[in-house]
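Participant: Sequence lines, in order, name chains A and B. Going by UniProt numbering, the first residue of the first sequence is number 1, and it counts up by one from there. Going by UniProt numbering, the first residue of the second sequence is number 1, and it counts up by one from there.
Quick caveat, the hints were computed from the structure, so don't treat them as lab data. Watch out, some of these pointers could steer you wrong.
[Said to hold, decoys possible] So the derived list for chain B, only partly shown, Cβ under 7 Å to chain A, looks like this:
no.	residue
1	26
2	52
3	71
4	74
5	164
6	189
7	192
8	206
9	207
10	209
Note that beta-carbon positions come from the ideal geometry of N, C-alpha and C, so glycine has one too.
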Amino acid sequence: MDPGMVCTLCQDPFGRDENIINSGGQVWHEGCFVTEGPNELILPSNSCVQCFQPFKDEEFYEHEGRKYCAHDFHALFAPCCSGCGEFVVGRVIRAMSQCWHPNCFKCVSCHTELADIGFVKSQGRPFCKPCNAEIKGGSKKFCQKCSLPIHGEHLVYKFQIVHPHHFNCSECNKQLDHRCKEREGELYCLRCYDNMVSAICGACRRPIEGRLIHALNKTWHPEHFVCSHCEKPFEGRRHYEKKGLAYCERDYKALFGEVCFYCNKPCRGEEVTVLNKTWCIDHFRCSACNSLLASPRGGARYADMDERPYCKKCFEKVPVELRRRLKKQSD
Amino acid sequence: MSRTLRKAVENAKQKKESEINLVEEGIAHLEEVPELFILHNLTKLCLSHNKITELPPEIVELRSLEYLNLFNNHLEDLPSTISALPRLRELNLALNRLCELPRGFGSFPALEILDLTYNNLVSSSFSANFTYLGGCLRALYMGDNDLKHFPPHIDKFTLLEVLVLRDNAIVEVPKELGKCIKLKTLHLQGNQIMAVPVEFGRLKVFGEQRSFRLGDNPLLPSLAEKVKAGNVKIFFDFLKTEEYNLIYLRFLDRHEPETIKRDKSGKKCRKTQKHKVPALKYETK
Numbered sequence: 001m002d003p004g005m006v007c008t009l010c011q012d013p014f015g016r017d018e019n020i021i022n023s024g025g026q027v028w029h030e031g032c033f034v035t036e037g038p039n040e041l042i043l044p045s046n047s048c049v050q051c052f053q054p055f056k057d058e059e060f061y062e063h064e065g066r067k068y069c070a071h072d073f074h075a076l077f078a079p080c081c082s083g084c085g086e087f088v089v090g091r092v093i094r095a096m097s098q099c100w101h102p103n104c105f106k107c108v109s110c111h112t113e114l115a116d117i118g119f120v121k122s123q124g125r126p127f128c129k130p131c132n133a134e135i136k137g138g139s140k141k142f143c144q145k146c147s148l149p150i151h152g153e154h155l156v157y158k159f160q161i162v163h164p165h166h167f168n169c170s171e172c173n174k175q176l177d178h179r180c181k182e183r184e185g186e187l188y189c190l191r192c193y194d195n196m197v198s199a200i201c202g203a204c205r206r207p208i209e210g211r212l213i214h215a216l217n218k219t220w221h222p223e224h225f226v227c228s229h230c231e232k233p234f235e236g237r238r239h240y241e242k243k244g245l246a247y248c249e250r251d252y253k254a255l256f257g258e259v260c261f262y263c264n265k266p267c268r269g270e271e272v273t274v275l276n277k278t279w280c281i282d283h284f285r286c287s288a289c290n291s292l293l294a295s296p297r298g299g300a301r302y303a304d305m306d307e308r309p310y311c312k313k314c315f316e317k318v319p320v321e322l323r324r325r326l327k328k329q330s331d
Numbered sequence: 001m002s003r004t005l006r007k008a009v010e011n012a013k014q015k016k017e018s019e020i021n022l023v024e025e026g027i028a029h030l031e032e033v034p035e036l037f038i039l040h041n042l043t044k045l046c047l048s049h050n051k052i053t054e055l056p057p058e059i060v061e062l063r064s065l066e067y068l069n070l071f072n073n074h075l076e077d078l079p080s081t082i083s084a085l086p087r088l089r090e091l092n093l094a095l096n097r098l099c100e101l102p103r104g105f106g107s108f109p110a111l112e113i114l115d116l117t118y119n120n121l122v123s124s125s126f127s128a129n130f131t132y133l134g135g136c137l138r139a140l141y142m143g144d145n146d147l148k149h150f151p152p153h154i155d156k157f158t159l160l161e162v163l164v165l166r167d168n169a170i171v172e173v174p175k176e177l178g179k180c181i182k183l184k185t186l187h188l189q190g191n192q193i194m195a196v197p198v199e200f201g202r203l204k205v206f207g208e209q210r211s212f213r214l215g216d217n218p219l220l221p222s223l224a225e226k227v228k229a230g231n232v233k234i235f236f237d238f239l240k241t242e243e244y245n246l247i248y249l250r251f252l253d254r255h256e257p258e259t260i261k262r263d264k265s266g267k268k269c270r271k272t273q274k275h276k277v278p279a280l281k282y283e284t285k
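Generate the whole structure from the sequences, applying the supplied hints.
Facilitator: Pasting the structure below:
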């Protein structure tokens with residue numbers, strides 16, 4: 001033990017068999033080291049009276065003769081911002097019996113900082129002067145549920161103007177937007193609403209509950225959406241439209257006959273009819289190199305061998321002997 | 001040029017493309033780029049105007065393939081696996097050097113358009129199950145081969161819309177052809193046909209979007225006259241008459257065979273390495 005060591009409080013040396021308290025690099029007599037109770041005043045002068053920890057970098061706050069570390073001083077005495085809940089250090093805005101950071105004290109409508117431009121209190125909330133004027137003038141709508149102004153589309157529900165986002169669909173629980181619909185006092189998203197009410201079968205004119213089919217700009221019971229010719233339901237198979245009527249593939253082929261030679265399906269979109277056959281415009285290709293032969297504006301250029309189309313380039317690679325024979329036959 | 005092929009295969013692999021088009025690139029050996037056969041999503045493969053002599057049996061690995069075009073190559077053989085391609089709808093083997101079709105060639109489950117024009121196929125080249133194609137085939141092009149007979153059991157090809165047998169050596173038209181009622185296009189010009197069966201009258205190969213050719217055949221005079229006139233409907237109406245029935249019966253009973261001499265030795269597809277193509281003889285009884 002260092003014989004020159006003295007107690008931090010009374011500055012007296014220690015006895016030979018005396019207990020020494022060592023804390024934070026400093027030493028005390030057992031009787032001199034008091035941590036709580038009325039003896040707090042005799043704590044070493046460089047510790048916080050609240051947490052008894054020495055000050056970091058000698059930095060402390062003094063309040064009514066007592067010294068506090070920065071954290072405890074803020075916790076005990078610093079004002080709390082009503083906007084963000086954090087301590088306010090530096091400039092404190094006192095307004096509406098509360099404290100604020102200068103940049104937390106904003107107009108609830110347009111969010112401009114109000115510290116230097118003044119504010120108007122309305123319904124317990126701060127507004128800037130222009131916004132207040134709009135509200136008083138009635139040009140800005142207010143949500144009757146949260147009292148905040150409504151930017152964008154509003155919803156009228158039970159005779160009150162409200163934000164749509166306060167409500168969820170009664171069916172799928174999805175948050176609603178202004179396009180939702182009311183039915184028997186409940187709000188529904190469009191999708192659920194359509195599924196519940198607006199679907200009327202195009203064939204039997206009765207509402208559709210459960211599965212429905214959208215086709216020909218109408219909705220149908222799955223069992224009522226049938227081929228106009230054979231009257232069999234499509235049951236998920238592809239249908240083909242002609243003059244507002246739907247046909248199954250077989251009947252379409254039989255009735256109208258415009259079936260693409262390559263894909264063997266009724267032609268969709270533009271078609272090319274040459275060489276005693278019909279093709280979808282995308283399927284009218286050179287039989288050798290698979291390049292497209294027809295342009296969408298018409299004007300297909302092709303050579304003919306056995307009534308199959310070839311581009312000029314490929315046809316020139318056909319043996320001369322064969323081309324000569326083909327020419328002779330066509331003459 | 002396997003480099004071009006390798007590049008295209010890598011490109012298709014990276015970009016997950018479903019089509020490869022390599023026309024006139026001088027490709028001779030597909031087996032040099034085995035990566036081609038792991039492109040399970042490939043739906044279209046167009047390799048026309050190349051120098052391919054052999055198709056590797058791995059072709060069957062391209063299980064999504066719907067369209068295979070080998071127009072104008074040097075193919076002499078086909079692997080028997082080719083007919084297991086489950087989705088193949090169009091197979092173009094025109095302008096090759098095929099002398100026969102592999103075993104089981106008829107087992108394609110979805111083949112609709114088959115082009116075998118300008119090869120060295122003879123009547124015995126058909127595989128035993130070729131008839132099975134009748135369940136799916138819509139168009140069969142076999143012009144410019146050396147067939148002496150129609151494909152076997154032609155009546156089983158009930159979906160057939162197009163049948164081209166131009167420039168073969170066919171002598172006899174089977175009466176079963178009358179059962180191919182969907183037939184719209186029938187080309188039999190440039191053969192050795194003298195008469196057509198009475199059942200032929202049932203076919204609807206005249207009218208809009210239909211075509212029928214029978215020119216350049218040693219036809220009986222009464223038929224030749226109608227064909228020359230060019231009105232297909234009058235020709236078919238004639239086939240249904242009692243007059244033609246008698247002519248046809250008399251023809252079957254006893255006819256002097258007639259042939260038109262043709263020299264096909266100049267065909268490019270005769271240059272085969274493996275097979276010897278016998279000079280075609282027209283039999284006379």
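Participant: Are the hints correct? Go through all of them and say.
Facilitator: Here is how each hint holds up against the structure:
1. Interface restraint check for residue 26 (chain B): the shortest CB-CB distance to chain A comes to about 13 Å, outside 7 Å, so the restraint is violated.
2. Restraint check, residue 52 (chain B) versus chain A: the minimum CB separation of about 14 Å is more than 7 Å; hint violated.
3. For residue 71 (chain B), the suggested interface contact is upheld, since its CB lies about 4 Å from the closest CB of chain A, less than 7 Å.
4. The restraint placing residue 74 (chain B) at the interface with chain A is violated, with a minimum CB-CB distance near 13 Å, outside the 7 Å limit.
5. Given hint, residue 164 (chain B) at the interface with chain A, holds; its Cβ is 5 Å from that chain's nearest Cβ, closer than 7 Å.
6. With a cut of 7 Å, the hint placing residue 189 (chain B) at the interface with chain A holds, because the nearest CB-to-CB distance is about 6 Å.
7. A least Cβ separation of about 16 Å between residue 192 (chain B) and chain A goes past the 7 Å threshold, and the interface hint is therefore violated.
8. At a threshold of 7 Å, the smallest CB-CB gap from residue 206 (chain B) to chain A is about 11 Å, leaving the interface hint violated.
9. With 7 Å as the threshold, the beta carbon of residue 207 (chain B) stays out of range of chain A, its nearest partner Cβ sitting at about 10 Å, so the hint is violated.
10. Interface restraint check for residue 209 (chain B): the shortest CB-CB distance to chain A comes to about 5 Å, inside 7 Å, so the restraint holds.
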